[in-house]
Every structure is written in structure tokens, then in C-alpha cells.
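Protein chains in written order, with my numbering: chain P, 1 to 1063; chain R, 10001 to 10552.
Treat the hints as calculated values from the structure; they're not laboratory data. Every residue gets a Cβ at the ideal spot worked out from N, C-alpha and C, and that includes glycine. Where hints are given, some of them may not hold.
No farther apart than 25 Å at their CA atoms in a straight line, the calculated lysine-lysine pairs in the DSS-like style are these [as the list claims (entries may be wrong)]:
1. P/K465 - P/K450
2. P/K475 - R/K10040
3. P/K475 - R/K10023
4. P/K634 - R/K10116
5. P/K832 - P/K1023
6. R/K10363 - R/K10397
7. P/K561 - R/K10024
8. P/K561 - R/K10397
9. R/K10024 - P/K634
10. R/K10124 - P/K840
11. R/K10363 - P/K561
12. P/K561 - P/K70
13. P/K705 - R/K10040
14. P/K874 - R/K10024
15. P/K726 - P/K746
16. P/K705 - R/K10116
17. P/K705 - R/K10124
Reference listing, derived: stretches of chain P covered by chain R, where coverage requires no fewer than 3 residues with Cβ under 8 Å from a Cβ of chain R [claimed, not checked]:
18. 125 to 138
19. 276 to 286
20. 491 to 505
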Amino acid sequence: MALFCQFAYAQNRTVTGTVTSKDDGLPVPGVSVIIKGTRIGTQTSGNGKFSISVPTKGATLVFTFIGFAKTEVPIGSGDVMNVALANDYKQLNEVVVTGSGVATSKARLGIAVESISGKNLPPSPQASIEQALVGKIAGAQISSVDGTPGARTNIVLRGINTIQGGTSPMILIDGVEARSTDISLIDQSTVDHIEVVQGAAASTIYGAQGANGVIQVFTKKGALGKVKIDLSSSVAAGSYINNGDVHQAKLSSFKTDANGNFIDGSGNIIKLDEDGTFPGITWAFPSGNGNPTAMSNPLNTAHQQYGTNLKYYDHLKQLFRTAYTRNNSVAISGGSEKSDYALTVSNNHQESNIVRNGYNDRTNLTANIGTELFKGFTIRSTTQLIYTKNTLNPSFGTGGNAIFNALNASPFYDFNQKLPDGNYPYSLNSGTVSVNGNNPFYNLQYANKKDNRMDIIENIQADYKINKFIELSAKYGINNTHQDINYIYQNQSGNANSNDTESWVSLNNNADNTGEVDKQSNNTTFQNFNGSATIRTDFEKDFHLNVPITTSTLLQYDYRKNHLNQYFSYGYSLPSYPIYNFQQTQTQQVLQDYTEPFVTYGYVVNQKIDIGEYGGIGGGFRSDYSSAFGQGSKPFTFPNANAYLRPSSFDFWRNSSLGNRVPEFKLRAAYGKAGIQPGAFDRYPTLDPKNVGSALTFALLNAQKNPNLDVEVSREFEAGTDIGIKGFDGSWLSDINLSVTYWNRKGSNIIYDVSVAPSTGPLTLKTNAIDMSSNGIQASLNINVLKAKDFNWNVTTNFSHQTSKIDKINGPPIILTSAAGSTQEVLIAGAKIGQIYGYKALTSLDQKNQEGVAYIQPADYNQYEIVEGRVVNKATKGVQFTNEVYALGDPNPKFNMSFINNFNYKQLSFSFQFDWVHGSHLYNQTKEWMYRDGISSDYDKPVTIDGQTAAYTAYYRSVYADYFGARNGPARNGTKDYFYEDASFVRLRNLSVGYDFTSLIASKVFRRVVLTFAARNILTFTKYTGFDPEISSGTSNSSFDRGIDHNSTPNNKSYQLGLSLGF
Amino acid sequence: MKKHKYLSIGFAAAILLAAPSCKKELDVKNPNSPTIEQAKDEPGIISLSTAAVYINGFNGNNPSIIANQNWLGDSYFSLGIGFHELLGDNISAEASNQNINVVNLPDYVILDNGSKITNTSPSKSVIRISNARDKKPANMFFYEWAYMYSLNNACNQVLSLVDNIKFTGDAETKKNTIKAWAYWWKGFAYSKIGSVYYAGIIDNTVGIGNTSALVSTYVTSAAMITEANKNFDQASALLSGIKSASDYSTVLGKLLPGFVQTGKGGVLTTDMWIRNINTMKARNLLVNKRLTAMTATDWNAVLTLINAGIKSDDFVFTGRTTATNGFFSASGGSVAAMTTGLPKSTTFKVSERLIQEYKTGDKRLSTNFSTNQYINQVGGFTFSTRWQLLDANGVDKGGVAVLSDKTPGNYELYIGGSYEENELMKAEALINTGSIATGVSAINNVRTYQGAGLTTLSAALSLSDAKEELRRERRVALVFRGLAFYDARRWGVIDDISKGGGRTNAVVLGSDGVLNTHATINYDFLDYWDVPADEYVINPPAAGSAPIKNPN
């Protein structure tokens, strides 16, 4: 917080008062109260109270605080002044600490720092910070990519700068890094405010790990006064989003008899067999005559309705349900003059929207306790204990395959159909169709998971303000995560389907269907010690020099140690009786016993010089040692510099009409360089110990480590402006604030595994392989549209454009497969990162391949025609694809915007937020798999080929299975541009209506009663044909694996009702 | 004042003291895994030597060259050998993973009724379209190459360390046992490369993955075979010179995983091992020449080798499944395992052309197969079958050779040569050099050995009948041992019909369910494979290299 110098010259009288928020009437602690035109001031205490000596007459008090409009109040004759501050959307006066290391007003920063008050975070069923931040931070791309309870969001702040490290930003909680606890676990109710610095220019002071940007969370503190208790409770009902109307084909092209009964090749009516499957299903016309499969026979057309011996079941209806989410929290806070405390307990309980699946339950206990031990010396402890219990079925959690199973089992299977032995069948493979189909209820019957996770984040900080020059600060944080995941896969050998089809569910025991128990134990302890000295000078006051220069110098030592332990064990073969522990298993083994220590420490020196209100410069460096490089290695040192200028502070501006119209105009620029260290063991070549029978053997690694690896370097330049415009004098458009930042980054020596010649033995070698660059613009526009007595309307628009590309690869292109499976990606010099790589449909008859050879000879043109924009063979009805791969495009959005509207009318508040993600693409792998066996609803759609209109299976099957020169071969499930879809969308992210009943309920019991109704994700406008255009099935926060939809759980649309009570 | 001085000093001291103590903390290395230093003593080099073969050479689990490739099965023996069995028409597949549904699709089939089914995507062209780095999962050329060079490189690593290691006991014997092991497996790897790739690379240095270790001179497959035999000879010479039989067997007993030392697997005597080498050398000669090109000299060379080859009671190099800690799994680590079960569920289906080679009454057919018709509508057109491969499930079959057993520990996999192979090479050499009667008796030996229960073949068979008996016996006796493609190639079966290839009187179950027994199949497969793109793109051929692409 800001530093205030108190001067003890005589004042005539004392004024006291309380500062509250206009919004909710709550006292606001930490507000700066200054006598206008002087440096005399104080701060409000924990309960918003202040006390200040003022001149006898004629003075004005200026109240400023983060998130509130600067308010000037003339001092009247009374001794008591109660002030209500209005929410401010002109945030330049906010004091921020992130990025500069020293509490600084935003007006005096050369870097862009975004901040948001906890009050302005919208309610979400997940109650997690990152969900609440979606759309709220200009420049940040925060996407809700998986609707599974407990799933993480993807966050990109200013481009993609490293590959193996992903895009996750660094998380600081009250000034100390929390590395092992994900931000998604921090409950929204504990947040006072959040600061975000996005670029290297600002994050350099946090060291190598800050290169992806920093999100700093400040937890709520207690306020002076008597005990306050706040209760809040909400319940949300959610259902899965299915924007593209994903469903299974309602027609078939199977062989039927005269009565419409589906029959096998010999004419027998198909019926359920002892394994719960329908064998013998046959297409009406077989393969042959140049058609490699029955489905590619043009005579087969979808036309046959189900409903006879094969019925149609809506698998999505069978699988999904309405899910309820409950949030409850109790907060107790208070404080005295010297001490304050805040305790919050909150619980979030999210059900899965898959039937009979489990839940994710998170309980947060937060304590923030501070005290001033003696003058100038304060000590503060913040504690977060987070217990998360996740009981989602192992197949139906994040990355599970429940939806794949439901969609790829033919629609004539009833998931509720049990076998004669009373069990659910697993494989619903009919030989010809439904090949990859399984009954998801089998998983529910035989497998379960209990994931218990405990997170501890403890920070202790001591601050000692020695005098007006020097402040010392020591912070120590320990962040521990302990997670035990227990899996049980019951013995399935009593299941006829499992035995006959030799299919079962397992985690490690692929050998048979006798089941297993598994225990995965993860333990991470992260420690961060940060010692700093801040030296401030004011040339005028301290040295009596007539220059308006103030300086601050930050000297900091920063030590971090991470220790990761993993211990995975399993026991194979469970008995049929229901005791599921290791002692009941036949063989037991340790799968993983791994420890990863990582130590890094360094020094930061940062100097900032401000010249009055006019401008300033800052800069410094950070030097780090890292255990990735071992003992005796040299530190790597990276500089940063920034400057700002406020033309609006000069008299020529201030006194001109421009100054009236544009009271704030600031230019800023910053440069920073950050290093990203290699992984803990990337530089240590080892052997891989493997058991072969009872012997321990040493295998050579196929993916080689590299002792010559260097640090990755990211350089960033940013420049921006902050502008405050005075609008009309009346109620309308009174204030307009605009912040714009352009940034440009270059990353070099980026580490990745590159292919080496297989003849040398290994397949890849980790090297400093890649150079990348990215740039973008972020902007935030805030307009006070209407400000009337009882009515306030405020609009915020956030904008982010960012793009990242690969400049150079030392080696051949890096070809990758999505972690979600099947879809191919490539890292290729000159292309955007994250490109999907695949075959393109021919769009003209004379199309040539990359060597300039025409696919189709002119003499054969008459055999083809263009159907729906693609070349189709008239005879085979097959769409023609290239047999060479092309980068299909950059799946990352061209820009994203959010539009946030807030209305207040007396006790009623209303707000909504639209998010617009434009130019993003998704590879619809979900759909492609449904093309395999003719299960996609697209198969019902007729096309016109060669003058004939019919729903040809050959047309759709060719899209799945063919490319030029190979039908039904390597192109099967190949990555094709056909499935690469525009996933732009506009989403009504949030809508909330709140009513404050406080004034209506004349009760001394309640201090506050607010009822809130909120809706989330209820409207989406998109052309995307999958469930949800916001999904990404790749690795969470992957740098490149961001554009694939492969059967991830879509987000929920939900309606939430909440009640909040204050005592 | 005092208070703040004290505190300030405390703060400063803590920071200054923390710095030097941290320096030591930086030395974390990787505490989880041994480094090459730990391989530089007697137990270490043995650990390295075992993993070199069973993990680096064959294993399909992590660390594996097949990670993220949608590989069906989990070892070199599942699809590495699987491609040979597919191309040899012992099995077929409908799944398209790794291209297994099309690599073995013949160019055309003429059915009994005279109708012709033509493959619009011929094998030669499909496998070549797939020879690109971006098509690695579908690139048949990639897998055997990568597995065998991984094996070769690991053996190079063993050889580079072994000379400087201090052994207890008869150090020379122990050292030479390990060297013989490395040379034998290098010979094995080079044999595999030379027997299927049009060109290969002789790399006897340790690759660390950087380009400085690259060997960019490609040599012909014949030169690969020469190099393979050279390595075999080095192993042979070392084995002949072994002085301490006990130290030898101690070391070999550790190099061979305990669980393979059962059945035909065991600690080979030096003589047995040399006989295994001779069989492999005979194979190298036989399988890399067209039958029509074999001269009397070649046959005599084969005879010389196989007469010094594997005997019926010799131990051979085998693999065994285990419930845990194996190198190929009981359920998916071998062609046999992946063919066993209901045809609708198995990756591989039994080929009708394999079944038709069994002679009436052959107990090996009735023991290992049952009928279970499966009409394939999604895979290739020759894939429908009436047969399924049975899981012996540990049940004793009264001496009849068992082809598949998915109970861990039961399945015996032949990695190198076997008595049957040696004996059938003997039969072939004898029959082709005029000694039909002795040749036929060698066939009888194999049938007896495998418990076929067939009537003894007459010593008076005609040459053509003897050749036909031999052909059929090689197919059924050596099925799933990775020899089927070699045989189809040297017999000319894979050649275009216009060049004398193909086969007639083939059994084909049509996708319409009609059984044909006199179909003509024109396979027209590539005889030697091109070098995979994963190699030549990163390691382009240096001047003077042999061609890396088969002109056929």
C-alpha cells in the first residue's frame, strides 16, 4: 500500500469519520485521506475509520483508494465526516505492487498492470478465481475449456513464449509464489483484489518462472471494529451445452427385410446375443466392385428408420443429467487498531452432469491475521487450507472417455440394457459398426476413484519501516500439496461380455479383467523466501533540493525451492468379494518412485525515479542461479527498463481546453528480458531403470536429455497509453477511460525435443530448438454511460489481440499428436504455433500437389464435380483429399473481447457480460470419430452428386477414410480440413440480478441481506457444429495443443440463486 | 534505534548467509535414475546389456519408440513382426492403425465366378505415400528400422564400455560373454535390417542423438547382411574361445531374464549359441535370395551352416510373457496374442490362406483353431475369415505345438532361429540339391517335433510334391515367427502375376459371405522396403551411398 509521510506540525482540530462503499455500504479500509494541496494525510483503519488533524477552516479532504473514484470533500464545520466512495472505473489512481515490487500508483508506472477488485468478480458456480476472471482482464485469454467439475481453465497472457513449460502464469498469493496449488482452487470469496501483469517487462522481477506473466491474489483482511459475520449460500443448476445439436444418425443404411427388420447376411433377424451386442449387422450392399468397404459402396444410403428390432436411443439423454452446484461460505472478520483478522470457510460442491458420476468438493479455510508488534514493525500471516475431494469416475473425469463411448456406441444400443448375469456389457462392438463403442455405465459399475487433495499455502511476512527512507520486508511462504488418488477397478471376470470380447476397464492392468487397485501419491512442497529492502527518497523534502524528484530502490533476494515426490503403486487381480485393498491383490508393484528437487535463487535490483507528476523512469536487473544448471554454473542475468510521461500533468495541457476534455493522458513504455529455465532434469542424461523379471536393468532413453541446454530467453517491449476523457457535463457519458498497450515479444533458444535420425539409437534430443515471436494489443475502455441519482450504468469493454509464430527451428519440423489423441499438430518455421496439420479437400479439378503435379488428369475431369465446395468423384461419391499435409491454420483466436454492463437502480443491481472470441478454430475430432461407423448425424443429410440426391454413406465415409491414392488406408481418421471449423463465438458469459433487502428488513439482526440470481453461459452464438466452441481437449495450458475438440465435457449453462447475509 | 539496527542486521545477515549455502543445493542432478557411470561395473554392464536387448530392442512400453503412435500391441513382436505376418498372408486386419488394413491388400483377386476385385489403393503406392515424417504412425517402414537401430545402438553402448570394466573371476570370459552377446544382437539387428530394407546404415559408434554421431553412408541390403554375418562371426569366435564355462554361464544366466529360461529358452552352452548363430547365417543367405536364384553353391553353403545349426534339444533365444515386468505383454505383445480371440474383437484375423496350408488331419490345426465366421465390411476385401485362433490357456495339448497362450508365462516366442527352421532349411536345401528322401525326412522330423499327428511323408515323393510339402510345412510350422514375408518374397508369391508371381487356388471368403476355393490373388508387394523418411530427411544420404529407395 502507499506510503504516507506524516508531518507533525500543528493542526487546529481533529476530524474523524468512516469511509464506506457506495455500492454496498461496507466500510473500506486502507483509503488514503489527504488534505488537499498538502502531503498531510492518513489511511482508514480496518473498519474504514479515520482521524486527521485539519486546519481550522477552508480545507478539503481527498479520499483515494483502489477501485474507487477519487473523492474530494470540503471540510465543514463539524468534526465528523462520513464519506461514501463510488466505484471508480478510472483506475489510474489505484496503487499496485505487482510488477514493480514497490507499492506504486498506476499513474506512475511505465508498465501495464491490470487490477480488479474482488467485489467486481461475477459469481460462477465453480466459485474459482480463474472462472471469475474470464473476460475481465484486458489482454488475457482465459478460456473455460472443460466442463468437468474441478477442471482447469487455459490462460494465456501475452502470447506463447515457451513450449515445454506451457502458458500457465505464475501465481502469487499475498506476495509469495504458490507453485503447487492451482489458481482454480482459490475460492472467490477469499479475494480482496487481484493484480495481473502480463509481460516479461513487468514479470522479470519474479525471475524465470514469471515469463508467462503473473497473477497476484490479495486475500481479504479484517476491518477495525466489532466482529462481522458474513454468510453466503448459493445453488446452481447446470446442464451441458450442445450448441451444434450433436446427436447420432437417426437413419441407417443397413440390410433389412420386407418388414423393416434389420437382418444379417443370411437373412436372420438381428437380435441381442449373450454379450449384449447385436452381431451380424450388415450394410445393404457389400464391399466389392472397387469399393474397399461396404460403407464406400455408393449404393448404400441412409434411409432406414430404427424402431423395429433395432431401436434408437438418445445416448446423450441417457448419459447426461442436470448437475447441481452448491456454494456456501462463512466469513468472520474484525480488528483493533493494531491487529486485524479475517477468517473464511467456504465450500464448493460440484456434481458431474453425467449420471451416477461423482462430484468435486472443495473446502477452503482462509485466515489473514496481521498485527503491528511495535511501531513500524508489522507481521502478517495468511493461511489457506484447501481440501479437495474428487470422486469422479476415472473414465469420466477430466480427459475421460464417457462422451466418446456414448457417441461412438451405435444408437441402437440401450445403455440401460444389462446382461443376463446382471451386469452392464462393456464392448458394444458389432464387428462392422459400433466398433469403438462401449457402454459407459460399465465404467460406473466397475471402476471408481477417490482423489483427496490437501493444499496448504502459508505466508508469513514481516515488514519493518525503519524510517521514512528504508523499509525492510521478509516474506516466507510454504506451499504444500498432498494428493492421494485411489483407484479401484473391480474384478470383471464375472462379466460375460468382458470375457468374450476380451475388453475391460483398467488403469495399469491390461493383462486381464481381474481388476486392480492403484494408489497415486503426489506431494509437492514449494518454499519461497523473499527478503527485500526498499529505499525511498524525496529530493525536496529529504535533501531540500528544489527538484520534484522521488526515488525508490528495491533490493531483493529471492529463494525458491520446489520438491516434488510421486509414488505410484498398484496391485493386480482383486477377488470377487467386495474388499478392495492391496492385501486382497495377487501381485503388487511400485510403478513410480520419483523425486524432483529444484532450487533457484537470485537477486533483484530495481531503481525507480519519478519527476513530480510529470514522468519517471525505472529499471534494474535480476540475476538467478538454478539447480537445472548444477553447482558451479554461472547465474543468468536479465535486465528491465521502463519509462512514463504524463503530458496531462504539464501546465500547457492542464490549462488548455484539451486539459478539460482529456484530464489524463499518459504514455508509457517498457522493455524486459526474462529467462525460462530448462526443466529440473533436462540437462542430466540418465539411464532408465527398468525391471525385466526380477532383474533391474538399465535402458537407454529414447528421448535424450542434453547437458548443453541453455536457458530460454524472452525479450519483450511494450508501449501504451492511459487516457481519461471527460464526457458530457450531464448525467450521460461523464467519464471515459481508455488504456491501450501494444507489446512485442521474441523468444529464442526455446527448448523442445527434436527428432534425430533413428539410426543413432534415440529418437529425440532436447535442444534449444526454437525461436518464436509474438505480438499483440490489449485495450480496455470504460464508459460511465449514465450517472443519475438512483441509476448508474457503466460499460467496460476489454480487448485482446495476440498472435505467436515460430521463426526458426534448428532441425526438421516438429510433428506432434494432440494429447487428446488422433489429431496431428506441427511446429514449423514460419507458421503460427499450434497449427493443426492435415489433408485438404481438393477444391478445384486442376489442383496440384506441393511438387506441382496435378492430382487429376484433364482427361478425367468429367469423372468429378464440385459438391459443397469440394471435389467429389461422381462414381465413388468420395470427397477427394490431398495426400500431402498442409498446415490448416492457426486455431488461436484473432482477438477476444468482452462487454461488461453494470446497472444500479436503488437497491437493484443488474449486470451482464458478453464474451466474443473471434477467429478461433477447433478441430472437431469428436465428429470425425463419429464418421467412422456412420454414427454422426451428418450421415442423415442428403447430398446431390451427379444429379442424384441421397444420403450416400460413401460420401461421408470418404471424408473419414480416404485421400488421393489411398482409400480406406492411412487416411482413416487422418487429420482433414473438413473437420477444422470456425469456433468463433459470442457468449452471454454472465447475467446477474441482485437485490439488496437491507433497508427493507428492519431488523437489527442483519447488517446486510442480498439476494442474487445469476446465469452463466446461457446463450452462445456460434457456427461451430460441436457441443461447445470454447472446449479444448489438449493438455491443460499447452503451448501448442489448443485447437482440438476430442470428446471433452462441454461447459454447463447454469442458473444460480444466491443469498448473502451479513451480521 | 537499537531495535531497528538489530533487525536490519538480522535481515541483511539472513540474506547474505542464504546465498553461499544455496550454491551446494543447486547440485541436485537427477536423483531418480542411474547414469552411464553406474553401468561401468560388472552388475552395471549386465543391467545395461539386458535392457539393451529386451527394453531398447523389443519393448513397446515406455521408453518406447512407439509412444504416441496409436500402436496396436506393445512390442517389436506385435507389429514389427506383425507386418511380416501380414505381408506373408498369415493374418489380416480391419483396423487402420499403422496401415495394417492396407499394407497387405493384394492388387486384385479373381474369385471362383471369374469376377475380379481390384484394389484401388495398391500396397506399393499406399506404403510409399505413407513414407513421410508426418505419417509416422502409418509408416510401415519406420518401425522395424527404429527398433533394430535402437537395439544396435544400445549394443554399441555396451561394447564401448565393456573393455574398461573390472570383472571378478575369469574377467576375460565374462567380458567376452558380454561382447558375444552384443555382437550377436548387433548381428541380429543388422540381419533384420538387411533382410527387409533396400538399404541400411552400418553404425558401430555410440549415438548420443547429435549429428556428429551420424553415419550418412547408406549401404545395400547385401552389405547389411555381410555386416550382420561379420558380427555373428565375431560372436562365434569369442564363444569358441570361452575358457571358464561357469563364469560364462553365470553371466549369460543374468543376461537372459530368468523368466525366459524355461522351455526352449535357457542358458545356452557356447556350442548351442554357435549353432544358433549358424542357423541365423543360413537364414540370412536363404531368405535374401530368390528361390530361382539359388545356386548349388548357395544350397551347399546353407547345408554347411544348418548341419552346424540348431539341434532339437538345443536352447534357443526365446521370449516369454509375464504378468508384470516383462518386455512384451501376454495380451498384446505378439502377433499370436493379437490374433487370439473372437474375430470381431481381435486386431488380427486368421487368414484363410494360412488355414488352407494345413494338411487334413493336422492336429496343429484342430488344436489351435476353431471356426467362427466373420465377414469384414470395413477392412480390406480379402479379410473375411471362418477361423479364430484359440488360447491354449495353459492346457496341455498332448505334445501338439501351441500357437497362442495368453496366460502370462505360457507363450513361448521365438526371437531368433529354431530347430524347426533349421530342419526345414535343411529339407529345402536337400530337396533342391537332389536329396529328396533325406529332405522329406527332415519335414517329417518337424511334424513329429510339433506333434502334427500326420502320416509320415513318403521318401519317394516327387520333386514337385516334396517342394509343395516343404512350402506348406514352412508356412504352418514357422507361423508367427517373422519368416512368412521372407518366404513369400523368395518364392515370388508377392510378385506381380505378370512377372510370375501371385497365387492360385486360394481360399477367399468374400464380403458377401460366399466362399471361394480357387481364387487367384495378385499380391504385387514391394520386396525390399525403402528407407523410412524419419531417417533420410534428418540424415540425407552422403555421396557414395547406396540407393535408399527400391526401384521396384
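Quick rundown of the hints versus the structure:
This hinted pair does not check out: P/K465 and P/K450 have alpha carbons roughly 48 Å apart, beyond 25 Å. A distance of roughly 47 Å separates the Cα atoms of P/K475 and R/K10040; the hinted pair therefore is violated under the 25 Å criterion. With a C-alpha separation of about 21 Å, the suggested pair P/K475 and R/K10023 falls inside the 25 Å cut-off, and the hint holds. A hinted pair counts as satisfied when its Cα atoms are at most 25 Å apart, and P/K634 with R/K10116 does not qualify at roughly 73 Å.
For a cut-off of 25 Å, the pair hint linking P/K832 to P/K1023 stands: about 23 Å separates their Cα positions. Between R/K10363 and R/K10397, the direct Cα distance comes to roughly 10 Å. Compliance with the 25 Å bound is thereby established for this hinted pair. With a C-alpha separation of about 13 Å, the suggested pairing of P/K561 with R/K10024 holds against the 25 Å cut-off. With a C-alpha separation of about 62 Å, the suggested pair P/K561 and R/K10397 falls outside the 25 Å cut-off, and the hint is violated.
With a C-alpha separation of about 13 Å, the suggested pairing of R/K10024 with P/K634 holds against the 25 Å cut-off. About 23 Å separates the Cα atoms of R/K10124 and P/K840, which keeps this hinted pair within 25 Å; it holds. With a C-alpha separation of about 67 Å, the suggested pairing of R/K10363 with P/K561 is violated against the 25 Å cut-off. Between P/K561 and P/K70 the CA atoms are separated by roughly 42 Å; this puts the pair beyond 25 Å, and the hint is violated.
About 20 Å separates the Cα atoms of P/K705 and R/K10040, which keeps this hinted pair within 25 Å; it holds. Between P/K874 and R/K10024 the alpha-carbon distance is near 73 Å, which puts this suggested pair outside the 25 Å criterion. Between P/K726 and P/K746, the direct Cα distance comes to roughly 38 Å. Violation of the 25 Å bound is thereby established for this hinted pair. Annotation: proposed proximity of P/K705 to R/K10116 is violated, straight-line Cα distance about 55 Å (limit 25 Å).
Of the supplied pair hints, the one linking P/K705 and R/K10124 is violated, its CA atoms being roughly 38 Å apart against a limit of 25 Å. Counting residues of the stretch 125 to 138 of chain P whose beta carbon lies closer than 8 Å to any beta carbon of chain R gives 0, which falls below the threshold of three, so the coverage claim is violated. Coverage of the stretch 276 to 286 of chain P by chain R holds in this model, with 4 residues showing a Cβ closer than 8 Å to a Cβ of that chain against a need of three. With a cut-off of 8 Å between beta carbons, the stretch 491 to 505 of chain P has 4 residues touching chain R; three or more are needed, and the interface restraint holds.
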